[in-house]
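A.B. asks: The primary structure of each chain is shown beneath.
4 protein chains.
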Amino acid sequence: MIRIAIIGAGRIGHVHARAVANHPQAELVLVCDPFEKNAKELSAQYGVKYCLDPQEVFSSPDVDAVIIGSPTRFHVDHILAAVKAGKKVMSEKPIALDLASAKRCVDELGDAADHVMMGFNRRFDPSFAEIHHRVADGEVGDLQQLIVVSRDPAAPPAEYVAGSGGIFKDMTIHDFDTVRFFLGDIAEVTAVGTNVDEAIKAQGDFDQVLVTLKSVDGKLATIVNSRSCAFGYDQRLEAFGADGMLSADNLTETAVRKASGNQTEAKSAVMDFFLDRYEDAYRIELGHFIEAAASGEAVSPSVRDGYAALQLAEAAGLSAKEGRTVAIEANKVPAAV
Amino acid sequence: MIRIAIIGAGRIGHVHARAVANHPQAELVLVCDPFEKNAKELSAQYGVKYCLDPQEVFSSPDVDAVIIGSPTRFHVDHILAAVKAGKKVMSEKPIALDLASAKRCVDELGDAADHVMMGFNRRFDPSFAEIHHRVADGEVGDLQQLIVVSRDPAAPPAEYVAGSGGIFKDMTIHDFDTVRFFLGDIAEVTAVGTNVDEAIKAQGDFDQVLVTLKSVDGKLATIVNSRSCAFGYDQRLEAFGADGMLSADNLTETAVRKASGNQTEAKSAVMDFFLDRYEDAYRIELGHFIEAAASGEAVSPSVRDGYAALQLAEAAGLSAKEGRTVAIEANKVPAAV
Amino acid sequence: MIRIAIIGAGRIGHVHARAVANHPQAELVLVCDPFEKNAKELSAQYGVKYCLDPQEVFSSPDVDAVIIGSPTRFHVDHILAAVKAGKKVMSEKPIALDLASAKRCVDELGDAADHVMMGFNRRFDPSFAEIHHRVADGEVGDLQQLIVVSRDPAAPPAEYVAGSGGIFKDMTIHDFDTVRFFLGDIAEVTAVGTNVDEAIKAQGDFDQVLVTLKSVDGKLATIVNSRSCAFGYDQRLEAFGADGMLSADNLTETAVRKASGNQTEAKSAVMDFFLDRYEDAYRIELGHFIEAAASGEAVSPSVRDGYAALQLAEAAGLSAKEGRTVAIEANKVPAAV
Amino acid sequence: MIRIAIIGAGRIGHVHARAVANHPQAELVLVCDPFEKNAKELSAQYGVKYCLDPQEVFSSPDVDAVIIGSPTRFHVDHILAAVKAGKKVMSEKPIALDLASAKRCVDELGDAADHVMMGFNRRFDPSFAEIHHRVADGEVGDLQQLIVVSRDPAAPPAEYVAGSGGIFKDMTIHDFDTVRFFLGDIAEVTAVGTNVDEAIKAQGDFDQVLVTLKSVDGKLATIVNSRSCAFGYDQRLEAFGADGMLSADNLTETAVRKASGNQTEAKSAVMDFFLDRYEDAYRIELGHFIEAAASGEAVSPSVRDGYAALQLAEAAGLSAKEGRTVAIEANKVPAAV
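Chains as they are written, first to last, in the UniProt record's numbering: chain A, 1 to 337; chain B, 1 to 337; chain C, 1 to 337; chain D, 1 to 337.
Next up, chain A with everything else stripped away, as it sits in the complex:
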């Protein structure tokens, strides 16, 4: 039984708490959040203790593993402290808001970096994971092109955008990881952005971007992002190979379709909340973390993947700003896709 503490009692903390509670080999033992109200509420829900200071988590002998869902600016410090205290660690994305901090994290971790998991939940989505393993099994021959469509149902509040690090680090970061999951290391990034949302524009951020990536072995990927989408949380993937294509369409709550006067086969709406859409993915992700924590094996994705995705996000920002393709420097941090 792995005894788990959660740092950060926000929305994502609740998701992880439920997954931990339902996992047969895991036990939630401690919840930490500087806002006592939040900490108290989440801990009460599962009948466990809470604390306000992360140091109590790190120093507790009753905690085997830590899930970090604190604000991004604390991720690196929390990761390093938890690892130093001998805990198993899974951290939410992104690893940091700046590449230097991320590099420091990976460098200080050394070999331990292979055991610190990054919360890139989409790798564990059943549909995306199925495509990945079928591609790996050679079902569509050599993979050649990847199309990732990723649109949020509605733009976040302006204050969130302000502290988010920008669309590439906050939103596209998931898609960068998805592209690396399928194509491996990336050689070049080209990004174009625009605005349909005046509030986000006022923050100096894009709300719609198109990113083109070329892998080190010449394969192409395109990412299509929008901060809002009238029909829900648009999350699709196409993997095009020499012998065929595997694709994953959006999920709907039920299999119901309707035919009426002016249309046919109309399906009920696409799920519009990321926690519902990726509920299975979060659960399977946690299972992977628990299993690795129990066995001592390396995790995937690790913080190295967190660093690599952040590198692509920074490159995309630079590309969009300067109107040019940005080459990714030889990655000193060993990649572990």
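No lab work stands behind these hints: they were computed from the structure.
Careful: at least some of the hints might be erroneous.
Just so you know, same-sequence chains aren't split out, so a pair can sit in one copy or run between any two.
Straight-line C-alpha distance at most 20 Å; calculated SDA-like pairs for lysine to any residue [what the hints assert, rightly or not]:
no.	residue 1	residue 2
1	K84	P156
2	K321	D217
3	K321	D249
4	K321	G218
5	K321	A187
6	K321	E41
Treat the numbers as computed from the prediction; the structure is a model and nothing was measured.
Go by the hints and put chains B, C and D onto chain A.
C.D. replies: Then chains B, C and D, alone, in the frame of chain A:
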């Protein structure tokens, strides 16, 4: 070049005329309709002669083949006269409104029955025909169950219903032929009918029926009929076999789909007019007739199939009336599915 | 917190045990099965007590509610004993193998019949339930025709078939309830059966049936059953109304589709195990039972629905045997669809 | 009746000849090809005259309109000569292989440019056209993002590639026009290319490209191209707007789907030949040309659109070569999307 005359310048006559005009080996030479206005209009459209009396068609040395689209009560006489005059013949369905007339037709024709084609156009629909040949190729193993959904977009006028012979002979007749096309000779028919349309009920006819058929080798089929359908002309087929299922969904004008606030994948409406829906089928049907007329080979479906389908229609009427399964008597007319 | 005992530690007992364990307001307290090995295994899994004799369940003061998953021949006795002992009861279908026993059950229960739930899980399937409430909301106008396709992935063993009461009581019983769920009381049943499975034929049972039903207000339904299906557990529904149609297609594990040399849009296989396919339905069904047990409100479906479905199953058997439509006698047991 | 001559008796010449033959207001009168065998064959098929020298076409008093399907390097000269001779003109794409020639063409034509049609057939595809008019009708609100997936079934021969002007001018040119059709004038182009085909790489051309476009009013489009595709001619479009999305999936020959052991809903293969896939589009395109020729109204798309698409193709080539976003210079040739 096969020189063709069309008897009956109504809606179906126009369809055949266009198909003849577009066929490289056929030539429309004569149009016949007792209503001069109709005959004149259709003949003018293709720049050919017209007549009011079918006898002129039969006696004309310039006519090689006759397409009979006259009212059902004339079908048998027109078929027999045309064949006696040495013409190739294709007749619209049903062969007759009563089984005795149909039997007389087949009996008098003798061997010639194999060369008189019945206009069961659905056998030539590209989707249904594809299912048929893939089933024949063994792609789904032994065929076991057939579901035929066939709903008209809107009920015909009461006066049409009055002279139609009833839903089984007028509408289900197509589906009876479809079932025979797939399952061969039928042993038992069970039918249930109801009404949602008061005007049709007032005519003593059903407007919705369910028919269950068992073939002589024990395979099952169900036919679902409705005289009206809010979303268009609902024409679907499922062929379920030991190793899988082949099905044909409805056709739409384009491949466009829409996602919006409360739904996704909504396709534009199902085609709602039988001449549009089965345009390809009518064209391919004519091609088959022309080819057989040129080569002298037997046709399929022939009037024997017309007789067999009518036999099922009568049995269905009896079944629905008496509330019992009706056995099909050993068919004296050799079947030629 | 409702304290629950489960009678019958077989496959369905395991499903209910898991649902109880995951329900926040329910607690599994006792497992009963005459086969000690089964009872022990299931009870151990959830750390609860077990017994071999159902009487211990009924007499236990620690049990508030009983889920009956014993063999069908014990259902009536277990239901009556549990209710007499003051327990809330949910029983698996069918209520009994003969209509007389079912009638005795409903009669002896009196008003309590409204509080004894029947495990017709499909009413709680999210897709079927969505169609039901959208039909009730008038989205497709007056409901006119219902098509229920229900095929099992593989035939049960011969010994199971022998004690099952036959396909109508064992398998179609679910579909009879589905039809009643949508169309209300039924006036007429017409059934036709056949065999593709020699082992089932040898048992004197059908393995494929088509059933046609007409409701007391003249609406039509057709049920298509097969004991085996090469592509999985085929569970579909179409509700056709005056203004449109709502349908539910099969479920697949993921949303992945494949395009390759000779085909496109190929989805991964249909789920082929009923416990997976209806996992959500079983969970929601239990939630409904728990809620009613806590509030004291009537349940739906109740044993009255169990009786009514069994009546249709008997009528279908008679219809198939005698080749005639069977009228359903005025139901003395008040219906509660 | 518009009397039409076709220059170029190749594959596309045959397509246009058939469309002309089937059009009630058009008459094919002359076929021109320097290869007598080709000219003879096509003219014989329709029983019309042929010539080897285009000058005979231009000087013939019996020709009202000319369809130019000659090799691209002759397009400008043939367009100018035909217009000078007073003929109505439709030319295949691209207008030229270099922008200077295209500019000369448009400049010399002056106002006549609005009456010279460019064969961008995809604007007339029923699905793409339906999306265009529904977007114009405001059905999805302001258009924001366009995804164009366009993959050929198989790479052309190396000798064709050599004279094609490169993938952007030969293949992507269609997609550039599609983007302009939906988004209007383009401000920026960013392109990335790669190779999976060694033969095309040896020609110094790309065989896979991703192109990102930003319109002058800030809307984004992405084009995904590949010279080969294992599952056929992959031609899809997604128009994403503020209120929803309209998309067009690939076309298949029939509506047949298959469920079998390991998959479900498998549709027959995507059409794999451009003349079949766009047969309707070519026919409707010709109808538009005939109608404009008869009425004297302006055409759309015109050579101005041909110039604008070529400008994007050149910009894409430059972008891919230099690894930077290329701005489109203020277009001196008035745009007429």
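A.B. asks: Sort out which numbered hints this structure fails and list those numbers smallest first.
C.D. replies: Failing hints, ascending: 1, 3, 6.
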